[in-house]
Amino acid sequence: MDATSPPPPAPARGRNRRGQGERLRRDIVDATLRMLDELGDDEALSLRAVARTVGIAATSVYIHFADRDALVYAALEQCTRDLLKDLEQAESAFDDPVARLRARLLFLGTWVHDHGGLYKVLHESTLNQRMRLAFKEELAERATAAVQRCIDAGRAPAADAAEVAFDLRAAVHGAVSIRVNEPALALPPLADQIDRFLVKLVGVHLTGSGSPA
Numbered sequence: 000m001d002a003t004s005p006p007p008p009a010p011a012r013g014r015n016r017r018g019q020g021e022r023l024r025r026d027i028v029d030a031t032l033r034m035l036d037e038l039g040d041d042e043a044l045s046l047r048a049v050a051r052t053v054g055i056a057a058t059s060v061y062i063h064f065a066d067r068d069a070l071v072y073a074a075l076e077q078c079t080r081d082l083l084k085d086l087e088q089a090e091s092a093f094d095d096p097v098a099r100l101r102a103r104l105l106f107l108g109t110w111v112h113d114h115g116g117l118y119k120v121l122h123e124s125t126l127n128q129r130m131r132l133a134f135k136e137e138l139a140e141r142a143t144a145a146v147q148r149c150i151d152a153g154r155a156p157a158a159d160a161a162e163v164a165f166d167l168r169a170a171v172h173g174a175v176s177i178r179v180n181e182p183a184l185a186l187p188p189l190a191d192q193i194d195r196f197l198v199k200l201v202g203v204h205l206t207g208s209g210s211p212a
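Going by numbering that gives the first Met the number 0, 88 is the number at position 89 of the sequence shown; the sequence numbering is gapless.
It is worth saying that the hints were derived from the structure and are not from the lab. Among the clues, some could well be false.
Unchecked claim - Pairs of lysine to aspartate or glutamate residues, derived as EDC-like cross-links and limited to a Cα-Cα distance of at most 20 angstroms, are as follows: (1) Lys119 <-> Glu21; (2) Lys119 <-> Asp29; (3) Lys135 <-> Glu76; (4) Lys84 <-> Glu137; (5) Lys135 <-> Glu87; (6) Lys199 <-> Asp151; (7) Lys84 <-> Asp40; (8) Lys199 <-> Asp159; (9) Lys119 <-> Asp159; (10) Lys135 <-> Glu162; (11) Lys199 <-> Glu162; (12) Lys119 <-> Asp68; (13) Lys135 <-> Asp36.
Hey, can you work out the whole structure from these sequences and the hints?
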């Protein structure tokens with residue numbers, strides 16, 4: 000099989016037992032996430048290919064999702080929910096608010112490195128123009144809360160936390176987007192760049208090792 004050949008179909012699934020419809024829905028979403036991560040383009044996704052991967056008839060996908068946009072929306076919503084949990088876990092390893100914010104940004108950088116295709120669909124796809132991805136708003140809200148904790152603890156200058164968080168998110172998105180879209184570029188370590196963003200945009204103090212002062 001050459002590199003351009005489609006993946007072989009999964010073995011045909013038997014009929015779901017009563018109450019297992021939600022399991023099939025999650026299987027469809029999981030398969031969609033894997034395919035979107037490989038494709039990096041929601042418009043390249045085929046519902047027939049998803050069905051073939053899961054091992055079901057294409058008509059079975061329509062029982063759960065009206066069309067491709069509905070399926071991609073559900074997949075990205077699940078992706079975001081999972082990411083929010085992972086971010087919370089990364090932050091929970093620290094008590095200091097600056098260390099928590101830094102851990103959050105470093106985890107995001109690692110996640111984007113590992114899931115560049117999903118990142119492109121989540122933030123750079125045409126779906127963002129066609130639909131309001133409301134679930135992404137919680138990412139912004141969590142970022143604002145993280146900055147506010149730094150301000151409240153006296154670790155950053157008093158400011159509009161939402162405005163600072165927006166500037167910080169814009170900077171980090173730019174940094175990771177360049178790395179996804181132009182991987183051949185010689186760039187500084189992302190951790191160093193994130194530390195500069197924290198100092199310049201949030202106003203925190205870091206030691207030479209990048210740890211909170």
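Worksheet item: Against the structure shown, which of the earlier numbered hints fail to hold, in ascending order?
Response: 1, 7, 9
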